[in-house]
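Asks: Take a look at the letters that make up each chain.
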Amino acid sequence: MSQLALAKLKEAFPREVLATSDYRGDETATIAREHVKAVCRFLRDDPDLQFDLPVDLTCVDYLGEEPRFEVVYHLYSTTKRHRIRLKARVPEDDPALDSVADVWPGFNWSEREAYDMYGVRFVGHPDLRRILLYPEFVGHPLRKDYPKEGRQPLVRREDPPQ
Amino acid sequence: MAKEFFAGKLADVINWGRKFSLFQYPFVTACCAMEYMATMGPRYDLARFGAEIPRFSPRQADFIMIVGTVTERQAPILKRVYEQLAEPKWVVAFGVCASSGGFYQNYAAVPGIDQIIPVDVYIPGCPPRPEQVLDGLIMLQDLVQRGQGLSYERLRREHEKIKALKAARA
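Residue numbers (my numbering), protein chains in the order written: chain L, 1 to 162; chain Z, 1 to 170.
Calculated directly from the structure, the hints in this document are not laboratory data. Do not take every clue at face value.
Unchecked claim - With the Cβ distance kept under 8 Å, some of the chain Z side facing chain L (calculated, not the full set):
1) E72
2) Y122
3) R146
Stated by the list, open to error - EDC-like mimics (lysine to aspartate or glutamate), calculated; alpha carbons at most 16 Å apart, straight line:
4) L:K144 with L:D61
5) L:K144 with L:E70
6) Z:K79 with L:E158
7) L:K148 with Z:E72
8) L:K10 with L:D61
9) L:K87 with L:D56
The C-beta atom is built at its ideal place from N, Cα and C for all residues, glycine as well.
Using the sequences and the hints, build the whole thing.
Replies: Structure below.
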């Protein structure tokens, strides 16, 4: 079972898959960001793979590296019972890649969270607003260069409070 | 003289009645709620102190218990709920997050609700044990019996302001 997903993926997308690793069955594929959507659709629709459960979508900030951000997708197949992890690097000056919220609606809110916390734009997302923070918030707090205690209070602070 | 004596005694009696029938508004936001439930349950039994009835409208409550972390996004809601409480009102910060922000020293959490609303009783602990909560409630009952509390002080300040305005006008 193991490595089938990676093998099929490499066969179908020889150029789009930039790197793979399968350390102890932990299958990971790094993909060029322009092709994430096509790869995801293939993983969902292929009869041997059937990745139907969007487990997690998140982002990593590798400050100082280029490209700076890495969007990570975790997928699971409830029928075939196998997993795969996809990674796509996104540069700082244009932090954007295609939304997969129409491939798996379950990633809708995950993409909004990644946008909220890291400022990565998901092109084609139906409703890309902040999900956890308030609309008045400036910046993206999980970026490594956001100050640790960069508070943006909504309530005026009085001393003593009235 | 006799009138003042009886008025003072009457206030004592009213405060005595009030301290054993405190209606609470639980502003429950986080994991401290588990200890809050334990305190409400039969083993520790907050009902022994007459504070067993949670009111889910601030207009019917005597004091508000902030149980858990308050985020910057939640802060305006907390302030509004506090303003809706009827006078006299008291505030209990339940747990270390409500008291000081706890270990959440970051962009999201308010470092202590006393930056937003005045707090009468702080209950430390992460989470506090039910005994600590009972101790905090007894401290609150003391305040109520003595007719003290930050809301009284604010009212006094406002009366003085009005008095000063009237004096300036006269």
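Asks: Against this structure, judge whether each hint is valid.
Replies: Now the hints, each set against the structure:
1. E72: 6 Å, holds
2. Y122: 14 Å, violated
3. R146: For Z:R146, the interface hint is violated, since the closest Cβ of chain L sits about 20 Å away, which is over 8 Å.
4. L:K144 with L:D61: 7 Å, holds
5. L:K144 with L:E70: With a Cα-Cα distance of about 13 Å, the restraint between L:K144 and L:E70 holds, given a limit of 16 Å.
6. Z:K79 with L:E158: Between Z:K79 and L:E158 the Cα gap is close to 12 Å, so the pair holds against 16 Å.
7. L:K148 with Z:E72: Holds - the C-alpha atoms of Z:E72 and L:K148 are around 15 Å apart, at most 16 Å.
8. L:K10 with L:D61: With Cα atoms ~27 Å apart, L:K10 and L:D61 exceed 16 Å; violated.
9. L:K87 with L:D56: Answer holds: L:K87 to L:D56 is near 12 Å, not above 16 Å.
Comparing the model with each numbered hint stated earlier shows that hints 2, 3 and 8 do not hold.
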